[in-house]
Amino acid sequence: MKAYGDTLDDGKVQLSFTLPDKNNPKTKEAAKQYILQMGFSDCTISHTKTLSDGFTFFIAYATSSVDIDYDKVKAPPQLEFETMDFDSINLFIKEKIKRKVVVVGACTGTDAHHYGLERYPMIEAVNLGAQVSNAKLIDKAKEYNADCILVSQVVTQKKKHVENLTELIEILKADKLRDRYIVCIGGPGITHQLAVKLGFDAGFTKGCYAEDVATFIIKTIVQNK
Amino acid sequence: MKLKINHKKIRKARELARMITRPVQEYIEEHTTISIERASLRLCGSSGATTNGEPIPNTITRDLSDKASKGLVKYYINALIQKKLNPDSLNQLIKDGFKLSSLPLVDFKQIQDKANQLVDTFASKIQGHNEYRRNKIDQYKNNENDPLLYVIVATGNVYEDVKQARAAAIEGSDIIAVIRSTVQSLLDYVPEGPTTEGFGGTYATQANFKIMREALDDVGKKENKYIRLVNYASGLCMPEIAVMGALERLDMMLSDSMYGVLFRDINMYRTFVDQHFSRMLHAYAEIVINTGEDNYLTTSNAYDKIHTVLASQFINERFALNSGMPRHLIGLGHAFEIDPSLKNGFLYELAHAQLVRDIFPEHPLKYMPPTKYMTGDIFKGYVMNSLFNFVGKLSSQKILLLGMLTEGIHTPFLQDRYLAIENAKYIINNICDLNDELVIKENGIIQKRANEVLDNTLAFLEKVSSLSLFNSIEEGLFAEIKRKKTHGKGFKGVLKKDVDYFNPFEQHMKKILNMD
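Protein sequences appear in the order of chains H and B.
Taking the numbering used here, I'd label the letters of the first sequence as residues 6 to 230.
Taking the numbering used here, I'd label the letters of the second sequence as residues 18 to 533.
The hints are simulated quantities; they were obtained by calculation from the structure and are not laboratory data.
Model, not experiment: these values are computed from the prediction.
Check before you lean on any hint, since a few could be wrong.
Said to hold, decoys possible - Chain B is faced by these chain H residues, among others (derived, beta-carbon under 8 Å): (1) Lys27; (2) Gly44; (3) Ser46; (4) Ser51; (5) Lys54; (6) Ser57; (7) Phe60; (8) Phe62; (9) Gly121; (10) Glu123.
Glycine included, C-beta positions come from ideal geometry on N, C-alpha and C.
Chain H extracted, bound-state conformation:
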């Protein structure tokens, strides 16, 4: 399998990037070399632009000869369920869980963000806001008798967010609390695959909304009963 531009197996790819030097023929040639050295061929620089003195932006089209053996590719673990809507979720909780579902949420070490779970009458969403330590998050989960702990990680900066997340799982395990809560992460830079790898029950990427998170939580609660 190769990239498809306008013909099967033409391997056409669009690229754009910035090089840290002045816009001149030498830098443009460097951009071409850069692309070719990545393994592309037939490179055309379609657009060059000076960003400021010392930075030049390139848009390019090139051909890649890389060929993926599609049959050998294995998909990573996925979240498989059909998202319910607002009314169905509330009804489901009323009928199947018969009490409010408690979700304790925080943005550990990041900017403020939240999920809209507060709007669900059958969900008690406790939003601890931003910059909450893992210890406090767990304390509050205990205090509110939470069903789910939801971490929002909007900022992705180097390794720090991963360290914070693994610490949460470690503390839960050490306190023998891991099985008591459904633990999820949401935000850009998070994939379900990464979340599971770090020991969480689910990861919700950008593009997932409150209904997706709520559906997962309530289905898991019923499943675990």
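Mind docking chain B on chain H? Use the hints.
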């Protein structure tokens, strides 16, 4: 292109805002906070930090914690007089372990005289900045974009920020904002010195402000523009950051009366008292404030909750006016956050934007781009930003915070910022006079929507007024977030002013801003 506005309703909304803020204002007048005291010490010239990084104003506040309700400026001035030192030398003495509490107070007349001197020093510095800024803006006014293009940089390292800021200025932006390190709003001290590490942003420090200010003045000279510098005053140190912004000639500051409470879980009394003092400083230093109503739309359904934005704007406006701030400095905020799949969503965004424009005609409104529905599809994101730019220009917004096509993925690459600026400049120029050419259809979708939003806003303000602002926040009326009155960080730092409370800077600013 104007909406038909019901002026009676607008007047009613402003009346409600007055009623809502009145009891809060009464509370504010009777209180100070440790952050206001530290800010006032900074205005005297207190700065620097001890060897373990504690800022001298914090050291003083700790030493004199039982005297803070009397106003700490008195004690600092007392030491200047008795030790016969200038502020720099006194700061050094305190750094070396000297405690202000060890000195008895001299008679008040001496303190008042010295205070007058310090106020004069402060006044001339700020007036100098104000004049410089006014002249530069006037000199380069033909090179400004309309709306002003606002971009954000934040690498964590102020020296890297300078490079990105320079690039952004050369690419054509008018305003550069430096996002702060995310933990900063909850720190009860302002770090000292230039910083090269931050999480999700760069720390706001006076040294960092100075470095950026110099860099932007320098690139501004080359580009024949006055580049405006923005930072964020929100958090536990709002008054101190307001002081630093004034001293280093920043041009705009994020300053919201409720953001800290709702989104950072800072105690509401602390925030209300801090924002009053801070906004007096901003007004005095002719710094435009930006408010944070975009947050109501990112956390809730933008179509359903737009009335909370307008309500918050009325409340923010009233608090700012109560701080002596003229309307042309009140840069109320709003955003373009309706679900892009909503039929006629564009018409509703335009209705909302034009409504705010018409209700707040003198205010340098800040319009913020889509974030909630931005995904890894950068091409769709680029188009959404184009529609945002179109609405922003068409509805005559004053400050356009540029959307980045990669908003849903990462903090902006240099190229992302360039694409954003190029997009905005193209649209602004291409539709330049469209606003003058179009008339809004009577009883059409846009007019009807604007009417509906205004009515919803009035109903909401009536509810807040009947509950009181404090109770409304407790009950989660704003952004569906509940915050209890005495919970949240920083409540301990709120102090009732003693009968002999003394703050010459506050007195001076109140006089100049005609607040007496």
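Outcome of the hint check:
| no. | hint | in the structure |
| --- | --- | --- |
| 1 | Lys27 | violated, 13 Å |
| 2 | Gly44 | violated, 22 Å |
| 3 | Ser46 | violated, 24 Å |
| 4 | Ser51 | violated, 14 Å |
| 5 | Lys54 | holds, 7 Å |
| 6 | Ser57 | holds, 4 Å |
| 7 | Phe60 | holds, 6 Å |
| 8 | Phe62 | holds, 5 Å |
| 9 | Gly121 | holds, 7 Å |
| 10 | Glu123 | holds, 4 Å |
Hint check: violations occur at hints 1, 2, 3, 4; the rest are consistent with the structure.
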